[in-house]
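So the chains spell out like this:
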Amino acid sequence: MVAAAPYTPQELMTVVAARELRDGEVVFVGIGLPNLACNLARATHAPNLVLIYESGAVGAVPERLPVSIGDPALVTGALMVASMADTFQCLLQGGRIEVGFLGGAQVDRHGNINTTAIGDYARPRVRLPGSGGATEIAIHARRTLVVGALSPRAFPAEVDFITTPGLRSRGRTRRELGHPGAGPVRVITDGGVLEANAGSGELELAALFPGVTADGVRERVGWPLVVRASLQPVAPPSAEDVRLLRDVLDPGRLFLKR
Amino acid sequence: MVAAAPYTPQELMTVVAARELRDGEVVFVGIGLPNLACNLARATHAPNLVLIYESGAVGAVPERLPVSIGDPALVTGALMVASMADTFQCLLQGGRIEVGFLGGAQVDRHGNINTTAIGDYARPRVRLPGSGGATEIAIHARRTLVVGALSPRAFPAEVDFITTPGLRSRGRTRRELGHPGAGPVRVITDGGVLEANAGSGELELAALFPGVTADGVRERVGWPLVVRASLQPVAPPSAEDVRLLRDVLDPGRLFLKR
Amino acid sequence: MTASGKVVSMREAIAAHVRDGDSVVIDGFTHLICFAAGHEIIRQGRRDLTLCRLTPDLVYDQMIAAGCARKLVFSWAGNPGAGSLFAFRRAVEVSDPPLEIEEYSHFGMVARLAAGAANLPFWPLRDYAGTDLPAVNPQIRTVTCPFTGEQLAAVPALNPDVAIVHVQRADASGNAQVWGLLGTQKEAAFAARRVIVVCEELVTEEVIRADPNRTLIPGLVVHAVVREPWGAHPSYAQGFYDRDNDFYVAWEAIGRDERRLRGWLDEWVFGLPDRAAYLAKQPGLRERLAADVRMAAGVNYGF
Amino acid sequence: MTASGKVVSMREAIAAHVRDGDSVVIDGFTHLICFAAGHEIIRQGRRDLTLCRLTPDLVYDQMIAAGCARKLVFSWAGNPGAGSLFAFRRAVEVSDPPLEIEEYSHFGMVARLAAGAANLPFWPLRDYAGTDLPAVNPQIRTVTCPFTGEQLAAVPALNPDVAIVHVQRADASGNAQVWGLLGTQKEAAFAARRVIVVCEELVTEEVIRADPNRTLIPGLVVHAVVREPWGAHPSYAQGFYDRDNDFYVAWEAIGRDERRLRGWLDEWVFGLPDRAAYLAKQPGLRERLAADVRMAAGVNYGF
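Residue numbers (our numbering), protein chains in the order written: chain P, 1 to 258; chain W, 1001 to 1258; chain H, 2001 to 2303; chain Y, 3001 to 3303.
Note that these hints are calculated values from the structure, not bench results. One or more of the hints may lead you astray.
[Stated by the list, open to error] Chain W side only, calculated, beta carbon under 8 Å to chain Y, not exhaustive:
| # | residue |
| --- | --- |
| 1 | Val1026 |
| 2 | His1045 |
| 3 | Val1058 |
| 4 | Gly1077 |
| 5 | Ala1078 |
| 6 | Met1080 |
| 7 | Gln1089 |
| 8 | Gly1094 |
| 9 | Gly1095 |
[To be verified] These stretches of chain Y come out as covered by chain H in the derived footprint (C-beta under 8 Å, 3 or more residues):
| # | segment |
| --- | --- |
| 10 | 3062-3070 |
| 11 | 3294-3303 |
[Claimed, not checked] Just the calculated beta-carbon pair ranges, DEER-fashion:
| # | chain 1 | residue 1 | chain 2 | residue 2 | range |
| --- | --- | --- | --- | --- | --- |
| 12 | Y | Asp3096 | W | Gly1178 | 41 to 49 Å |
| 13 | Y | Asp3020 | H | Gly2298 | 56 to 64 Å |
| 14 | P | Arg64 | Y | Lys3071 | 53 to 61 Å |
| 15 | P | Val227 | Y | Ser3095 | 41 to 49 Å |
| 16 | Y | Asp3292 | P | Arg258 | 36 to 44 Å |
| 17 | Y | Val3094 | H | Met2295 | 52 to 60 Å |
| 18 | Y | Asp3020 | W | Asp1247 | 52 to 60 Å |
| 19 | Y | Asp3020 | W | Gly1178 | 27 to 35 Å |
| 20 | P | Arg125 | H | Phe2147 | 55 to 63 Å |
| 21 | W | Gly1171 | H | Glu2150 | 45 to 53 Å |
| 22 | W | Gly1171 | H | Gln2044 | 33 to 41 Å |
| 23 | P | Arg258 | Y | Ala3250 | 19 to 27 Å |
| 24 | H | Arg2286 | W | Asp1247 | 24 to 32 Å |
| 25 | P | Arg125 | Y | Ala3250 | 20 to 28 Å |
For every residue, glycine included, the Cβ atom is placed at its ideal position computed from N, Cα and C.
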């Protein structure tokens, strides 16, 4: 048996996130780690992913890891540059996006995301960047994936501010709110995978990374996390995955910590 | 004195229509004679007219007389091809058009135009093509010019169907209707020029072609036409105007009868 | 859907995607009107179609004459630059029952397709006050601005069952590039449930990717791709062939006479298997209408 | 307005068209952000501006730090790919009085500019239900569809006093061509009362007319044209120069330290007369960032 490559939890999180994408899907790609995960998927099992960025690049095939979602490398060789109006109206609101892929500053029990402000909105303790396109991506994509490292601060029971609606927002379900997409079906963390429970509208622990315990995850989550009876195992990254991440996709370590 | 060139009333009508345009103006050009008049103006006193067609051609410089408002000659060498959505929303509704130039099947006392149906709408005696862009051109252009040959049928007291609003429509003024543009300030016919009376909202005879009498115009208009006390004289076309019309702009006599 | 599976013949595309009773847009504003698709729909005998387009043009006149249409949704039904659509006029003026019509202005039709493309139920516009159009079309309504209290016109989204868009070039996935007049091709493609792209040139994906700003329609909304050179004749394709104005003028006399129109359909549509035969029957066409060369320079996409 | 009268220096353009108290959009989504204009606004000491843009980016952080801004209207205020805008954060978290903010999502900002461009008072969109954004921004409202009865979100038109749009090339009348990412340059230009076009290349009208489908903004909406090569650095211009990511990363440390930021403004903005001096101060810039050549082929506009 080939020895597993040494890897960091952040690398495995990225690899697991990439595995969520099926070849040929149309993905609306958020800034940061989602961007890295999508490009890893494209470099491995999903060469025909159609990557769409809110900047208007459609079918991007970046020759370098795009630093931002408006990188020129997303344009060169793309299938299309859509206007931002068409990107939001016709592609996203038009129901053409199969997967929305987001990072989150704070994700709560019901999958709501806060990227606006920690503390009081008018005079916040930490002012975050705001929605960008995340609000509408999470509303319209047929399903949403979220990726982010566990910590009690990043996973509170309830976010201070709902920037991006989850499975249930201030007591109302997506159906009640009229949202067409399924919302955050999976949140990929650096300890395991949280999955939506359609009935309760809560995120539950569904899969564990090697060497991580359910209690280890619960300690880093701010609510009494439901742990499913049978947790799925998570395969470690392949040596090729790790090589691609470190040597090809993010050699400058823009997103991956050493 | 140089003898005036022989000309037809239709040719003079086209020349007078062309004279209404000032160099540098932004003109939304309708199909038919307006198209011919605009291109005559561009070939004579108004080389910097910005011709905009509802097809999206902006700053067109057609090398041949465009047969339709979607002619490929409108595109080759144009300043811009706008989408039709941008043409109607941003250029026209956006208030960027100084002159709207229309032809009319029927024009009534108040400058309303019918290009929809003669007789009953549901089962018309003559079904006309419909609005095209005329409805919104006449609403939004800062001023509208209309060109059309006189006849009692073409100039009824009241049109059967208001396709395009004039100075007063079913008793309501443009201000009451919220229309930003001034409406049909002048109707250029083959006998003289009708001008809007802002107070009464009626078209009045303001200028006569050489050899035409006020009574001669009134006979071909279906309402008791107000004739202004002092009628403006209309200069005949120059020899160059006639040459341009016959030899350069419409040699195939697509619009001008022989 | 795999890219290779999308490339089919016109016969296959129409058979698979256009059904009796469908609402259909064969788009194009003067430019890029796909007559080849209209003729194939006639040949396959489709019935009860709701034909939608700003400018019905000759191809819808032919489809009405051939009995394909139950209803027309439009904003200008004439023979552009030449005169009338007589089959349409007869269908409205004398046929029993008359052709059903639903009528807007151009802006209204553009707005309907824009709403359809954007998955909005309506589109607001400043239009129609003082006209008789709302009186004959209850689909022209008003909406009140929640900020200013102004009353604006509103038209409903148009989401046709099928959109057929002719383009200069497309790849096998349906990524389509257009230049010259854009019509409402983009809006129609995004608004429709099924999309057939018909192209003058079927190109490799690399050609598309070399100039992504020219792509008007992404393949991800396209169901079938048909390569049909000169498929828009007597309409035109900028950079490929000019409009056949002689035919537009000739249509006046053909369309005016019901028997002659029937004869024309028999000879030029029912009597021919496909567009290749239509072109073979007009040997001088290319020489007469092929476009001059007026090349634009390329731009740099490097970084 | 004559074409020749429009071509002015950046100093003249800002002096003539940007006034204290104005609402200003310096547009660009990562691409084509006109830092040269922002720096000139700082140099000319404009005050009480309402700065509007989806992504404020470093140039608005610099303008906030320099005291130009009273209010920010935005949807994502970060350092793209690198981190925070610290001058913005200080202005919101600790300054007294704080910077006024009015906040949307990207779609909301796009919709606001689209409404402004279209001369509509509002724009409908399917958004915001279940979020806290409407609770903190009373300008996010709802509108009811007059056809389906559905309740949609609505945002008000944004019609800034001034839009500054950087483009790859323009002629002396301001007819402007752009390729690569389009941002909301077109919407901002149509929505604004005054428009300054800043171009990498000032070209003849013939260059524009050779490829009319590339024109994003017609000169008839433009008031001033400024030729300012590399005027978007450290942002980028596709086909001209790459984004200077090193500077975006370096801004983290500069922006975090108020004194250092002040020193940077003194050295790079107040201490320099214009963009030419800014470029002369960075001799290796062109070599490091000049774009590779990836030419697209041209297309035929003949008929």
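Verification of the hints:
Hint on valine 1026/W holds. Least Cβ distance to chain Y is approximately 6 Å, under the 8 Å limit. Restraint check, histidine 1045/W versus chain Y: the minimum CB separation of about 17 Å is more than 8 Å; hint violated. With a least beta-carbon distance of about 5 Å to chain Y, the hint placing valine 1058/W at the interface is held under the 8 Å criterion. Of the supplied interface hints, the one on glycine 1077/W holds, with its beta-carbon coming within about 5 Å of a beta-carbon of chain Y, less than 8 Å.
Interface restraint check: alanine 1078/W against chain Y, minimum CB-CB distance 4 Å, threshold 8 Å, status holds. Given the 8 Å rule on beta carbons, the hint for methionine 1080/W holds: about 4 Å separates it from the nearest Cβ of chain Y. This hint holds: glutamine 1089/W has a C-beta 4 Å from the nearest C-beta of chain Y, less than the 8 Å allowed. Restraint check, glycine 1094/W versus chain Y: the minimum CB separation of about 5 Å is within 8 Å; hint holds.
Hint status for glycine 1095/W: holds, given a least beta-carbon distance of 6 Å to chain Y, under 8 Å. Residues of the segment 3062-3070 of chain Y lying with their CB closer than 8 Å to a CB of chain H number 0, which falls below the three-residue condition for coverage. For the segment 3294-3303 of chain Y, the assignment as covered by chain H holds, since 10 residues bring a beta-carbon within under 8 Å of that chain's beta-carbons and 3 suffice. Separated by about 45 Å at the C-beta atoms, aspartate 3096/Y and glycine 1178/W satisfy the suggested range of 41 to 49 Å.
Between aspartate 3020/Y and glycine 2298/H the C-beta distance comes to about 44 Å, which lies outside the given range of 56 to 64 Å. Between arginine 64/P and lysine 3071/Y, the C-beta spacing of about 37 Å breaks the proposed range 53 to 61 Å. A beta carbon spacing of about 45 Å between valine 227/P and serine 3095/Y agrees with the range 41 to 49 Å that was offered as a hint. Roughly 30 Å separates the CB atoms of aspartate 3292/Y and arginine 258/P, a value that falls outside the hinted 36 to 44 Å.
The hinted range of 52 to 60 Å is satisfied by valine 3094/Y and methionine 2295/H, whose Cβ atoms lie roughly 59 Å apart. Remark: the range hint 52 to 60 Å for aspartate 3020/Y to aspartate 1247/W is upheld by a beta-carbon distance near 58 Å. For aspartate 3020/Y paired with glycine 1178/W, a C-beta distance near 34 Å keeps the hint of 27 to 35 Å intact. Take arginine 125/P and phenylalanine 2147/H: their Cβ atoms lie about 33 Å apart, and the range 55 to 63 Å is violated.
With their beta carbons about 22 Å apart, glycine 1171/W and glutamate 2150/H fall outside the hinted range of 45 to 53 Å. The hinted range of 33 to 41 Å is not satisfied by glycine 1171/W and glutamine 2044/H, whose Cβ atoms lie roughly 51 Å apart. Remark: the range hint 19 to 27 Å for arginine 258/P to alanine 3250/Y is upheld by a beta-carbon distance near 20 Å. For arginine 2286/H paired with aspartate 1247/W, a C-beta distance near 30 Å keeps the hint of 24 to 32 Å intact.
Checking the proposed 20 to 28 Å range against arginine 125/P and alanine 3250/Y shows it holds: the Cβ atoms sit about 26 Å from each other.
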